[in-house]
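If you're matching them up, the sequences are chains A and B in order. Residue numbers for the first sequence follow my numbering, so the first one is 1 and each next one is one higher. Residue numbers for the second sequence follow my numbering, so the first one is 1 and each next one is one higher.
Bear in mind the hints are in silico, worked out from the structure with no lab data behind them. Be a bit skeptical, because a hint or two may be false.
[Unchecked claim] Below, computed lysine to aspartate or glutamate pairings styled on EDC-like, alpha-carbon distance capped at 16 Å:
{"hint": "1", "chain 1": "A", "residue 1": "K567", "chain 2": "B", "residue 2": "E299"}
{"hint": "2", "chain 1": "B", "residue 1": "K267", "chain 2": "B", "residue 2": "D254"}
{"hint": "3", "chain 1": "B", "residue 1": "K333", "chain 2": "A", "residue 2": "E529"}
{"hint": "4", "chain 1": "B", "residue 1": "K349", "chain 2": "B", "residue 2": "E210"}
{"hint": "5", "chain 1": "A", "residue 1": "K567", "chain 2": "B", "residue 2": "D292"}
{"hint": "6", "chain 1": "A", "residue 1": "K576", "chain 2": "B", "residue 2": "D292"}
{"hint": "7", "chain 1": "A", "residue 1": "K483", "chain 2": "A", "residue 2": "E517"}
{"hint": "8", "chain 1": "A", "residue 1": "K463", "chain 2": "A", "residue 2": "E423"}
{"hint": "9", "chain 1": "A", "residue 1": "K191", "chain 2": "A", "residue 2": "E286"}
{"hint": "10", "chain 1": "A", "residue 1": "K576", "chain 2": "A", "residue 2": "E590"}
{"hint": "11", "chain 1": "A", "residue 1": "K565", "chain 2": "B", "residue 2": "E210"}
{"hint": "12", "chain 1": "A", "residue 1": "K319", "chain 2": "A", "residue 2": "E330"}
{"hint": "13", "chain 1": "A", "residue 1": "K483", "chain 2": "A", "residue 2": "E590"}
{"hint": "14", "chain 1": "A", "residue 1": "K566", "chain 2": "B", "residue 2": "E300"}
{"hint": "15", "chain 1": "A", "residue 1": "K565", "chain 2": "B", "residue 2": "E342"}
{"hint": "16", "chain 1": "B", "residue 1": "K269", "chain 2": "B", "residue 2": "D292"}
{"hint": "17", "chain 1": "B", "residue 1": "K15", "chain 2": "B", "residue 2": "E300"}
{"hint": "18", "chain 1": "A", "residue 1": "K565", "chain 2": "B", "residue 2": "E300"}
{"hint": "19", "chain 1": "A", "residue 1": "K565", "chain 2": "B", "residue 2": "E299"}
{"hint": "20", "chain 1": "A", "residue 1": "K5", "chain 2": "A", "residue 2": "D181"}
{"hint": "21", "chain 1": "A", "residue 1": "K547", "chain 2": "B", "residue 2": "D20"}
{"hint": "22", "chain 1": "A", "residue 1": "K547", "chain 2": "B", "residue 2": "E209"}
{"hint": "23", "chain 1": "A", "residue 1": "K293", "chain 2": "A", "residue 2": "D312"}
{"hint": "24", "chain 1": "A", "residue 1": "K566", "chain 2": "B", "residue 2": "E293"}
{"hint": "25", "chain 1": "A", "residue 1": "K567", "chain 2": "B", "residue 2": "E300"}
{"hint": "26", "chain 1": "B", "residue 1": "K349", "chain 2": "A", "residue 2": "E529"}
{"hint": "27", "chain 1": "B", "residue 1": "K238", "chain 2": "B", "residue 2": "D254"}
[Unchecked claim] From the structure, some residues in chain A lie toward chain B, with a derived Cβ separation under 7 Å:
{"hint": "28", "residue": "D552"}
{"hint": "29", "residue": "C557"}
{"hint": "30", "residue": "G560"}
{"hint": "31", "residue": "T563"}
{"hint": "32", "residue": "K567"}
{"hint": "33", "residue": "K571"}
{"hint": "34", "residue": "Q572"}
{"hint": "35", "residue": "E574"}
{"hint": "36", "residue": "M579"}
{"hint": "37", "residue": "L582"}
{"hint": "38", "residue": "T584"}
Using N, Cα and C, we set each Cβ at its ideal position, and we do this for glycine too.
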Amino acid sequence: MANDKIRNFCIIAHIDHGKSTLADRILEKTETVAIRDMEDQLLDNMDIERERGITIKARAVRLKYTAQDGEDYIFNLIDTPGHVDFNYEVSRSLAACEGAILVVDASQGIEAQTLANTYLAIEHDLEVVPVVNKIDLPSADPERVCSEVENVIGIPAMDAPRISAKMGTNIEAVLEKIVTDIPAPKGDPEKPLKALIFDSYYDSYKGVIIYVRVKEGRVKVGDNIRLMATGAVFNVVEAGFMDATNLVNNGSLEAGEVGYIAASIKSIGDTQVGDTVTNDEFPCDEPLPGYRKVNPMVFSGIYPADGAKYGDLRDALEKLQLNDASLSFEPETSVALGFGFRCGFLGLLHMEIIQERLEREYNLDLITTAPSVIYKVTMTNGEVQYIDNPTNYPDPALIQVAEEPMVKASILAPSDYVGNIMELCQDRRGVFKDMKYLDDTRVELHYELPLNEIVYDFFDVLKSRTKGYASFDYEMMGYVPSKLVKLDILLNGDVVDALSFIIHTDKAYGRARKIAEKLKENIPRQLFEVPIQAAIGGKIIARETVKAVRKDVLAKCYGGDITRKKKLLEKQKEGKKRMRQLGTVEVPQEAFMSVLKLDS
Amino acid sequence: MTLGIYIHVPFCGKKCAYCDFYSVGWTKQRAEDYTEAVLRNIRHYSDKAQTVDTVYFGGGTPSLLTTAQLQSIINEINGSFALDGAAEITIEANPCTLTPQKLSELRSIGVNRLSVGVQSMRDEELRVLGRVHTAERAEQAVLDAAAAGFGNISCDLMIALPDQTAESLRYSIERMTALPVQHISAYILKIEEGTPFDCEEIRGRLPDEETSAELYLEMVRLLEERGFAQYEVSNFAKEGFESRHNCRYWKCLDYLGIGPAAHSCYKGKRFAAERDIDGFIAAPFQKVTVTDEAPCGFEEFAMLRLRLREGLSLCDVGEHRAEIMKKLPPLVKEGYAQTDGERVWLTAKGFLMSNSVIEYLIF
């Protein structure tokens, strides 16, 4: 098929604005999926994605469309992750496309994430095709939304298709726009192979399947390919594309096409997203631009609630890592929690997704520690350390300067909530940059915020203070010096390593008091009094006490009937299993989790 | 090894508001049929080589049986087992059923220990509990019993009752200990599900946790002051008057229970008879459910022994000794337990928290 009949595009949309529904309608209209095979939202195939309405991993589907000009076109729909945590993956997916459909909710307008991804698409020279969705809603105001798109993004939008993906209204207009507005791919099939990896996943039969956009040259079954960043060489077993449900091995892919390659690749670590695939015998001169290794930004200790499940947790993490090279983990031991893993995540959502998948798909009961960012510490002897675990935070006397990572945050919300948002950002040590009105009722605020202030519960609190209307996005902006201290929590006089964290001096006192209160609420009264203390260095800055119980229920053993006593004892034994024994103190796992959400 | 026999007599004239033990209404016919069934069962378990040195008629209200019925049961035990001449033979009794006549009859058939359901020496408390007797009636029953020759009398005392104060408890204890009693069983009221006490009105009138704990400690102090040493969580006795039968329960010694809902620990098994008077009467032998095929393992043994003031001998815990020794210091420091290096025992404060202390110590 000639390149001028190919259209490679993705869909950009905020959560719930209808990306997956539109994708489904497109699949349906192009008869890629027989109607009877339609399941709601086919592209998202992980449970969590469906439930949370977000797309985690990119997918690519090939569709055939006969346009009004009578010609047949090949559409490659590349599904992109919607969240900032996967910013890099988004950028690689965008780099595989020539155009992007921007889906905007006709009643809600543009959101922070949409904006960030649209700018990213424009940066990648993509043709952005705005589409106004959900026109069937009573509150829909397509005219206002179109002018918002024009004002805020600066692209023409007045002729954007007004559709309802849910009702199937006006989908043809979108398909025609794809044909007329999005440029056909360029690229010379006779040049040496140059293909961009924009996604990969592990298949237990075929090994790693890599998704590629061929920029130059061609690749066919039997070729030896080289992955340029890692240098690994593999023999191509399959090359083809994916329809809505299957991989279709048609033997080769060439410039302009999007598809998959299977080459008996054992480890997903070899197939870095953003890497360039070339031919081992006739390599290209230089790789495609934009590749970088993704680094975790947020770290947390993950422990099995039941220590005996350590092996299961390791197996589960290994399996998840097969499909998610951005997840890192290494064994870690905590005095309080036993054996577990220090895990690194791209961001908060990524962390939540991994925790949720471990609990749901692998049936594990977990205790997680407070998320930490990476602090940069320059020692008095000039040595630089990167600290992602509070336990390893050096003695303050040996620290010359401590730095923390900052982000540029953008928040979109109805103007009614500006006061609440400013208060929150202020409270989180945010530095106000600017604010602009998108229209009469919506504003965009820009703040610089320390990452460690948003890894806790920022998004939850933001949502609750704006009745769910605010959207939030951020990007990393580097390190700044900061007055950091390590705050320790002591139970009955002993430091509980799993509860230590690093915090800005100004916030330490308030946080310490809140944590002590939360722990008091969540540690049940027991045999011994439990003093709860928060300390910096040796100095106690907050204290609470869980008073000892005075009296148990003394069940009678009348007439030698000890069955009730024994049942009680069995119940206590079961209950004790859910507790962590720290010296004489029994700490329920909820107590560890309660300190993760202090404001809500 | 000797044996104790427990006869559960499930008849009550009136059910008390807090009680969830198995009991049924009394009729003359039922009592006769029941007695026949008890006799059949004793014969069923018959073992002439087995010395029986405690017999306990519990209930219910065993004093609702006629003297002749009680005598036939004692005689049957004597005929089917080797009943020790010095056996402790106890009967629980409602003060109202204890006439001088009945008391002397009980003496004459060999009953030598009396457990009187006094509960409180304040009439208003007794009324709330749904007891039919008054404090004065209870007092008279105990005095009559002593006059009839009973030298081993126990009274039940309940604490943490609705509206009970330290003062009203002290009053009950003073009045009770002024009587010729040698033993006191003192229970903290526990609201059982489904009983009339299981209601907001009563719960709202109960002393709170702190007050209940104080009442218990005050009771222990007052009783000890009056010569009643605490030998078990709920039991107090003058020297030499500890209940030999009840101690079987805490010491993992054998006891055979006969009657509906009676429990046994006998010949290496724990079992319980069905809670069904008609079934008990109709069946050739009582139908039992085994609740434990291998009783008296470490956890159970330790749990039961630690209810006794003499406590747990560290020689009896085998491999668990080191673990127990390691866990002891905070218990001792908090005043929950004491040790002399050979034994571990709980203090009154420890008894109050015995579930938690035992859990801490053995798990």
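Hint check:
1. K567(A) with E299(B): With a Cα-Cα distance of about 12 Å, the restraint between K567(A) and E299(B) holds, given a limit of 16 Å.
2. K267(B) with D254(B): holds (7 Å)
3. K333(B) with E529(A): holds (12 Å)
4. K349(B) with E210(B): holds (12 Å)
5. K567(A) with D292(B): Holds: K567(A) and D292(B) sit about 12 Å apart, inside 16 Å.
6. K576(A) with D292(B): violated (23 Å)
7. K483(A) with E517(A): violated (25 Å)
8. K463(A) with E423(A): holds (14 Å)
9. K191(A) with E286(A): The hint holds at about 13 Å.
10. K576(A) with E590(A): Roughly 13 Å separates the two Cα atoms, so the pair holds.
11. K565(A) with E210(B): violated (23 Å)
12. K319(A) with E330(A): Holds - the C-alpha atoms of E330(A) and K319(A) are around 14 Å apart, at most 16 Å.
13. K483(A) with E590(A): Violated - the C-alpha atoms of E590(A) and K483(A) are around 31 Å apart, more than 16 Å.
14. K566(A) with E300(B): holds (7 Å)
15. K565(A) with E342(B): violated (26 Å)
16. K269(B) with D292(B): holds (6 Å)
17. K15(B) with E300(B): violated (32 Å)
18. K565(A) with E300(B): Holds, because 9 Å separates the two Cα atoms, which is no more than 16 Å.
19. K565(A) with E299(B): Given pair K565(A), E299(B) holds - Cα atoms ~11 Å apart, limit 16 Å.
20. K5(A) with D181(A): Roughly 13 Å separates the two Cα atoms, so the pair holds.
21. K547(A) with D20(B): violated (33 Å)
22. K547(A) with E209(B): holds (12 Å)
23. K293(A) with D312(A): violated (28 Å)
24. K566(A) with E293(B): holds (14 Å)
25. K567(A) with E300(B): holds (11 Å)
26. K349(B) with E529(A): holds (14 Å)
27. K238(B) with D254(B): Not satisfied, since the Cα-Cα distance of roughly 25 Å exceeds 16 Å.
28. D552: holds (4 Å)
29. C557: With a minimum Cβ separation of about 6 Å from chain B (threshold 7 Å), the hint on C557(A) holds.
30. G560: holds (5 Å)
31. T563: holds (6 Å)
32. K567: Since chain B brings no Cβ nearer than about 10 Å to K567(A), farther than 7 Å, the hint is violated.
33. K571: violated (10 Å)
34. Q572: This hint holds: Q572(A) lies near chain B, its Cβ roughly 5 Å from the closest one there, short of 7 Å.
35. E574: Where the cut-off is 7 Å and the nearest Cβ of chain B is about 10 Å from E574(A), the hint is violated.
36. M579: violated (10 Å)
37. L582: Check failed: Cβ of L582(A) comes no nearer than 13 Å to chain B, outside 7 Å.
38. T584: Because about 5 Å separates T584(A) from the closest Cβ in chain B, which is inside the 7 Å limit, the hint holds.
Against the hints set out earlier in the document, violations occur for numbers 6, 7, 11, 13, 15, 17, 21, 23, 27, 32, 33, 35, 36, 37.
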